[in-house]
Structure formats: C-alpha cells, structure tokens
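Residues per chain are reported as follows:
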Amino acid sequence: MSEAPKNGPWTPDRPMVGIKDVHKSFGDLEVLKGISFDVMKGEVICIIGPSGSGKSTLIRCINALNDIQKGSIKVEGIEVNDPDLDKLELRKKVGMVFQQYNLFPHKTALENVMMAPIHVLKQDKADVEQRAYRLIKKVRLEGKETSYPGELSGGQQQRVAIARSLAMNPDVMLFDEVTAALDPETVKEVLVTIQELAEDGMTCILVTHEMGFARELANHIYFTDRGVIVEHGPPASFFAEAKDPRTQEFLSQIL
Amino acid sequence: MLDLLTPFFRRLYDETGWNFVIFYEQYEWDRFVAAIWVSLELIVASLFFSLVVGIVGAWLQGSPIRAVRLFMSGYIQFFRNTPPYVQLLFFFFVLGNFTPKVDMGGYYEPMITSFGWAVISLSFFAGAFNVEIFRAGIEAVPESTREAAESLGYSRLMAYVYVILPLAFRVCLPSLNNNLVNLLKTTTQAYAIAVPEMLYTLNQVWSDNVNVPEMMIVLFVYYVGLVAVLVWGMHRWERKMKIPGYG
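Chains as they are written, first to last, in this note's numbering: chain A, 1 to 255; chain B, 1 to 247.
Just chain A, same shape as in the assembly:
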C-alpha cells in the first residue's frame, strides 16, 4: 500500500475506509479487541466469522450507529470517533442495508427511496422521483413502485432497501447480513443486485455467511472470531490455504 500523507483532504489513493486498532465494549463485554484494516475505493470486502464474533458491531461502528471506545475509523478522511463528528456528513458518504430491511412500512417502495434525499438532502422532488424510478428499475422492481413494504417479499423489500440507500449517492455501502433473513430462493436476487453494484465500482463492505458469494466477488476476506481478525486474504488463498485452526474449523462447518 502506498504511503500517502496522513493529513489533508482525502484522495482516492488513500483508503476510503481506514480502521485502526478499534476497541468496542458493551458494558464489561469487549466485542472488538483491536481490529484494523483498510478498504480502498471500489473494493469489495467480506467479513465472515461465527455469530457473536463482532462482525455486525464492526460495520455498525463504521457509520456511527455504535460508538467505539478506542482506535480510529476514518471514512474518506472523516474521523468517526471524533466527538464533534458531523453525522450527516458521514451518512451522506456511507449507505447501510440491514438484515431485517427496516423499510418504513407506512410509505410505498417509491416513497421509501425518495424520502431521505428530499427530507435530508433537500433535493428537488421531481429530480428525486426520476432517480427513484431509475433505482427501482435497477434493482428489478419495476411495477412495484406503489406497493407497500408489507406487500412485498423479503427479497423484494431488501432490494428496495438497497435502492433507498443508493438514492443518497453514497460512496461506500455497508451490508449487514442482508440475506440472512431471506428464503434461499430470494437470496439470489439480492446477491445479484449487490454483484451489479460491485461491478459498477461501488465500494462495498459485507458481513455475510454467503461463502460462494464471498469467494466470487470479494477482493479481500476477513475472518473474525471473538473480536479479532484471525485471518485474512484474497478469496483464492483464503479458502484454499486457511492456516489458523479456528478458520479451518469454521470453513469446514460452512462449506
């Protein structure tokens, strides 16, 4: 990795997301015990590991849904651990998709996509509407614009959630086990959507249990267990040559 200057505005040759020695506790329970890694622009990063290993907590820390006790998380130069953090600036850059979709149930699919750009970014309604139609089409939900979340399947809701995040034009997308609540047959439609995003050059950080997907799409895989990164590498070597017994055990159970 190139040695970029530490200060000054963020430039694309520096990590888009830089995570250094992050510690996070809930009360006495330390869930992250010194996590460090960098994500460059356009990279797709998969974080895998047993449940309770702190994966979800980690990506929730990246957009400040959880605070951290020690260390540093920088997103395009914005220090997330800064007490004076401008959360809006951060969240304009970081999109997040959740395991349970978390759509706004009282708004239609189209309105879900349109709300934040209109309310938060104060963009022109007509422009946003056009963009929302495009995004709905992009996630292959044409014709579902006026459906309410409760009328859509899990996979469809999750794709609306992705479109809703994209409507804010983020630079990084965080996916927190986004297929974990879905039926096997709808998992694929969501994965295809994420794949297309990645191919468009979106920087993606995924917490996932979809090993096939990680192998195919990730630039880099991190295996976490009990709050630390046990092992990491590009998919080819990660899956073939896992050295740590914990990784080997996990992979043998999953694959």
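Careful: at least some of the hints might be erroneous.
With the C-beta cut set under 10 Å, the calculated list includes, among others, these residues of chain A facing chain B [claimed, not checked]:
id	residue
1	His106
2	Val120
3	Pro149
4	Leu174
When the alpha-carbon atoms are kept at most 20 Å apart in a straight line, the in silico EDC-like pairs for lysine to aspartate or glutamate are as follows [stated by the list, open to error]:
id	chain 1	residue 1	chain 2	residue 2
5	B	Lys242	A	Glu151
6	A	Lys87	B	Glu147
7	B	Lys240	A	Glu151
8	B	Lys242	A	Glu145
9	A	Lys122	B	Glu150
10	A	Lys107	A	Glu129
11	A	Lys74	A	Asp171
12	A	Lys87	B	Glu150
13	A	Lys20	A	Asp225
14	A	Lys92	B	Glu147
15	A	Lys138	A	Asp171
16	A	Lys74	A	Asp38
By construction, these hints were calculated from the structure, which means they are not laboratory data.
By construction, the Cβ of each residue, glycine as well, lies at the ideal position given by its N, Cα and C atoms.
Assemble chain B onto chain A, guided by the hints.
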C-alpha cells in the same frame, strides 16, 4: 329552524307539561345556540392543544437532556395525579390572579378569559395523558426502524416527524380515542368558572324555567351525539391510516 320546532314543542308542553323551552322560545333558543358554539369551540380547542402538548411532550420525554425528562415526568405526575376539576379552579382562581389586566377603555379585563383558562387547563390535563399514550406508540416503533432513518442521515427531530410519529400514531389511535372522548366530556367542568358552554347554559335555563329533567335529557342527547361524531371521525381516521400489509 326554530319555526319548525316551535309547534311540536309548544303542543308537547301544553298537553304533557314537558317543558323544552329552548325549542319554542326565541330568547332561550338563542342561548342554546350560543352554547352549542361555545362548547364546540371549547372542545375543538382543547382537543387540538392537548394533541400538541402530547406530541411535543412525547418528543421532550425522549430528550437526551436529563433536566428536560425530569420536568416532563413532573408535569405528567402533577396533571395525572390531581383532579381535573381542582386543576381548573387552580388555573382560574390562582394563576388567573397573576395575569395582567388589559385596559378596555375605562374598565379592565383579564388578559386570559375564563374560556381561555378552561382551554389551557383542559389541554394540559388531557395532554399529560396524551404524552403517555404517544410514548407507548413511540416505544412500539422498532429500534431498527429508527436506526434505518438515522443511517439515512435523519436527525432525531426529522426521524420523529417523518418516521416515528406517523407509525406511533397508528399504534396509539385506540387509546388516544379513549382519552379524547374523556376530554370532550370533561369540558363540561368549565361550568365551574362560568364558561357559557352547554352545561352552564342549560343550568341557567332550568333555573329560570324549573325544567331540570327536560334539560338533563337535552344534555345527555347532546353529549351522546358529540361523542358519537368524535368516535366516528377517529375510526375513519384509523381506517384511513391503515397500511396495506402491516400490523
């Protein structure tokens, strides 16, 4: 209108002695109609401001500032744990004493009329319950929905206005309905501070005409009708707010 009613009610009085004087004498009819307006204004204003108190109060109750939360729980304790009748008298006779008087050209009128004090007192009374009702609704909105709004850049206030409150409303409409019905009926207590609403007016009518049972019947029918309209409206609202595929 009165012309239509007069023949029937005058004959009723002549033949049976049932004296619905407000339906056949112009003077009493005018008092009755004025009372309709006053009571409607009192009800609408109290309902409206109690909702405002409830919505703002529920927001303040979730404030990150401890002093604000303490103030809110103090407010709720006071208004929920004391009789609304005593509150009304307190507002009018105690606080009313401290409000400035306005020069009306030779004579002085208090800045806040008895009608005004009735609205203030009733709104804070019912508002305290509305705060609790809204809070229950807000707590029923999943934390994850709040987080979704937050991660889209919504501030606490914006998430409250655009996401939390619309969802909370739907959850708490049935209990809100109950409280508003109670408030509607409690407005008759404004009688005690001489607001010329329906109870006060009909009380004057029966003092003048000694027809208590007849005026009581009018009172009951009047409030049964008003509550029916309110409940009908609330149910319509509830149906209109129903989200397809939700809840």
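Results of checking the hints against the structure:
1. His106: holds (5 Å)
2. Val120: holds (4 Å)
3. Pro149: holds (7 Å)
4. Leu174: Cβ of Leu174(A) sits 8 Å from chain B, so the hint holds.
5. Lys242(B) with Glu151(A): holds (13 Å)
6. Lys87(A) with Glu147(B): holds (13 Å)
7. Lys240(B) with Glu151(A): Distance ~17 Å between Lys240(B) and Glu151(A) Cα, so the pair holds.
8. Lys242(B) with Glu145(A): holds (18 Å)
9. Lys122(A) with Glu150(B): Distance of about 16 Å is within 20 Å: holds.
10. Lys107(A) with Glu129(A): holds (14 Å)
11. Lys74(A) with Asp171(A): This hinted pair holds, its Cα atoms lying about 13 Å apart.
12. Lys87(A) with Glu150(B): Roughly 9 Å separates the two Cα atoms, so the pair holds.
13. Lys20(A) with Asp225(A): holds (17 Å)
14. Lys92(A) with Glu147(B): Holds, at about 15 Å.
15. Lys138(A) with Asp171(A): holds (17 Å)
16. Lys74(A) with Asp38(A): holds (9 Å)
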